[in-house]
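Peer 1: Protein sequence lines correspond, in order, to chains A and B.
Under the working numbering, read the first sequence as residues 730 to 974, first letter to last.
Under the working numbering, read the second sequence as residues 730 to 974, first letter to last.
Read the hints as simulated data drawn from the structure, not as lab findings.
Among the hints, a few may not be true.
The list treats identical chains as one, so a pair stands whether inside a single copy or across any two.
Unchecked claim - Pairs of lysine-lysine, DSS-like flavour, derived with a Cα cap of 30 Å:
no. : residue 1 : residue 2
1   : K856      : K734
2   : K820      : K864
3   : K907      : K820
4   : K901      : K939
5   : K953      : K836
6   : K856      : K820
7   : K823      : K907
8   : K856      : K894
9   : K901      : K797
10  : K803      : K939
11  : K828      : K960
12  : K820      : K942
13  : K751      : K939
14  : K751      : K953
15  : K807      : K960
16  : K836      : K864
17  : K803      : K907
2 protein chains.
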Amino acid sequence: MRNIKLIIEYDGSRYSGWQRLKGADETIQGKLEGVLTQMVGSPIEVIGSGRTDAGVHARGQVANFHTKSDMSLKEIHKYMNYYLPQDIVVKEVKEVSEKFHSRYNVKSKKYVCYIWNHWIPSAFHRKYSYHLSEKLDIALMQEASEKLLGTHDFIGFSSVKKTNKSTTRTIKEITITKEGNMVIFSFIGDGFLYNMVRIIMGTLIEIGLKQKKVSYIDEILESKTRSIAGKTLSPQGLFLEEVYY
Amino acid sequence: MRNIKLIIEYDGSRYSGWQRLKGADETIQGKLEGVLTQMVGSPIEVIGSGRTDAGVHARGQVANFHTKSDMSLKEIHKYMNYYLPQDIVVKEVKEVSEKFHSRYNVKSKKYVCYIWNHWIPSAFHRKYSYHLSEKLDIALMQEASEKLLGTHDFIGFSSVKKTNKSTTRTIKEITITKEGNMVIFSFIGDGFLYNMVRIIMGTLIEIGLKQKKVSYIDEILESKTRSIAGKTLSPQGLFLEEVYY
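Here chain A stands alone, though its shape is the one from the complex (with noise of 0.2 Å):
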């Protein structure tokens, strides 16, 4: 069996996240799973690097899967992206060893959010960053998600129900930049817990409007309560942006 690996862009806008439900086709993987199951003519099941949630979208979503199929490379890549909807855009198509697999072998992801901050809104980044009007302070912000870096238990800032899985994680980096009314915050790590992103984003956000003091990370850590952190951030500005393997 050959083993295909892909590189996804999406945008995420109108579809119920990554992961095929049962009954809804509106799902990413549903789609490649259809395309490609019609491609070859039998069922094909396409691996993620990892879900997705609905309305989020990704610049570098890593998925692969099997085939016998003697297509070239080049006539997958332009079979799938004739028959995909326009907003799903396979970037990449690459043979791979029979090992590989696109959610065991991750090393990190990088994942980026975007806030327009400013109060008067965007006509064009409304579908692809969050619209705030306060302006927020970029140092603060700075100070508290250095706190967030390194190996820590981050169920506090995630919607994980009780687990006997570890929520320990280890963020490398953020960075936190401004460009024109954009704020651009960018994470990397070696895996991120249900809702973590959007969870750290809504914290990140009270810090930088004031809201909350610096410290509230620590608390937040210290004593891993989903109910004291800050607002899940709605999806439309994050973007999974690229999977390390």
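Go by the hints and put chain B onto chain A.
Peer 2: Coordinates of chain B only, in the frame set by chain A:
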């Protein structure tokens, strides 16, 4: 009467263009007039710098309206952005002399057109660029564009029917640059005839694809015949960027 000047940004994707139509209120002018009429409680007419076609976007459309309202400029600005659909945004509100007229006083306009020039499409640029897989020759298009500079009868590059009005216009500047996969065309002129930018684009593309020679431009200018020029490019890559007074 106060005379209020607006700078407006809009995503034209779902509109029938700038101009209010009888029966169809999915126009930019119609939306603006609807909100302003509701704001002041009596009918308001909005004068635009000119029409944009269905599907064309704007970053700097200019319009003005007259009112006796004593609302502050900030109040007007906030009211408009609150009640307008999210794909229409008022960027600036200014009080101007009673003589100012958005259409009559135009000195020149700048249009920008985006071509996504790669065989792999883009999920995020699809609504704001024209996708062309075959590689464009930038230098050839630049050479051809120089022939368009200056004052010419552009009737061959327009969808204007028989008219008594002048179809002579002056193009002051054309630039063609490439950033990544995006080819960016910019046009500054004292005015543009109906569909003129889109027909120039269709013509430059034929030259960039080497289907026509650079001298094709001379033929169209000399013949003054629409039917020999290139196709009217579809609208989604075109932006009214700025209006100069």
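Peer 1: Broken hints, numbered, in rising order?
Peer 2: 8, 9, 11, 12, 13, 14, 16
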